[in-house]
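Asker: Chains as they are written, first to last, in our numbering: chain V, 422 to 473; chain B, 25 to 255.
Worth flagging that the hints you see were computed from the coordinates, not collected in a lab. Source: prediction; values computed, not measured. Be aware that a few hints might be false.
Said to hold, decoys possible - Take a look, some chain V residues computed to stay more than 10 Å from chain B by CB distance: (1) E451; (2) T460; (3) S466.
Stated by the list, open to error - In silico contact screen, one side only, chain B against chain V (beta carbon under 7 Å); selected entries: (4) M42; (5) N157; (6) R158; (7) Q227; (8) M229.
Beta carbons are placed, not taken as given, at the ideal position from N, Cα and C, and that holds for glycine.
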Amino acid sequence: MPYLFAAYTVTWVVFFVYLFFTSRRQNELEREVTAIRETLDNLDSSKNDEIL
Amino acid sequence: MIVDMYLIFIWAPTESVMGHVQRIFYIHVPMAWTAFLAFSLVFLASLFYLPVRKAPGWTKRWMLWERNPMWDAVASSAAEIGLIFTTLVLITGPIWAKPIWGIWWTWDARLTTTLVLWLIYVAYLMLRSYSNNRSQAGVYSAVLGIIGFIDVIIVYRAVDWWETQHQRLVVSFDRFDVASDMRVVLYFSLFTFLVLFGYLMWQLMSIKQLEISVKEASDQLSMSRSRDTRG
């Protein structure tokens, strides 16, 4: 019984930890893309203001 | 997954010789098959990624197709997930072996070739992470992904070619040497791991897509800033 418990525990812990890290990476990248796009939009709008 | 756990722990009969430890089989075997599927995907995506090199004097007809980074993303995502599955196969196998064989590990053909398979895909991912040139890393890892697939075939056939410690195949495309109840649980478990594999593939592919978006947006930003500085 302890062997069975160990095998299933290790398997699910590894999967959940991996899922946690991949989800975190995905969220970080999404934030990064949004931040860069906002900076680009701000740059464009300030340039437009200068022209006007 | 909850249904799978219910089938494994409550619905499936207890094996008469091995007892409850045999239930490890319901995750160990499907994870090994899913790893094989992942490495097959690495092989196919690497084949599609590697175009025929256009050497001087060659005509356009020798170019089979343009290199598509999507295939590289598919191959690297499948390799990463395949490695996770193989790692778990190499962990759950010895946990099952200790009470049944009395040893954690033996240098048997199946075990050794699986360890070699694990090392090949560790090398594959290391090659990608240590290379500064993304395109070159893609080509080298594609070559490794194609050559490494030979070991998948060796791992699969090892129990038939060398009759060592590991059990021969009990379930294959044309052989079912397990009770029908156990077979149902085994196939349901395989389905569960395939769904998990699909979900992980989707998640890793969206990460690769986001990485490309970050790079493109960063390039655009630096170009815009350098234009402002010059202006």
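Asker: Hint by hint, note whether the structure agrees.
Answerer: For each hint, the structure was consulted:
1. Under the 10 Å C-beta cut-off, the non-interface status given to V:E451 relative to chain B is violated; the minimum distance is some 6 Å.
2. Not every CB of chain B is more than 10 Å from the CB of V:T460 (nearest about 6 Å), against its label as outside the interface.
3. At roughly 12 Å, the least C-beta separation between V:S466 and chain B is larger than 10 Å, which holds for a residue marked as non-interface.
4. Of the supplied interface hints, the one on B:M42 is violated, with its beta-carbon coming no nearer than about 10 Å to a beta-carbon of chain V, more than 7 Å.
5. With a least beta-carbon distance of about 21 Å to chain V, the hint placing B:N157 at the interface is violated under the 7 Å criterion.
6. With a least beta-carbon distance of about 16 Å to chain V, the hint placing B:R158 at the interface is violated under the 7 Å criterion.
7. With a least beta-carbon distance of about 5 Å to chain V, the hint placing B:Q227 at the interface is held under the 7 Å criterion.
8. With a cut of 7 Å, the hint placing B:M229 at the interface with chain V is violated, because the nearest CB-to-CB distance is about 11 Å.
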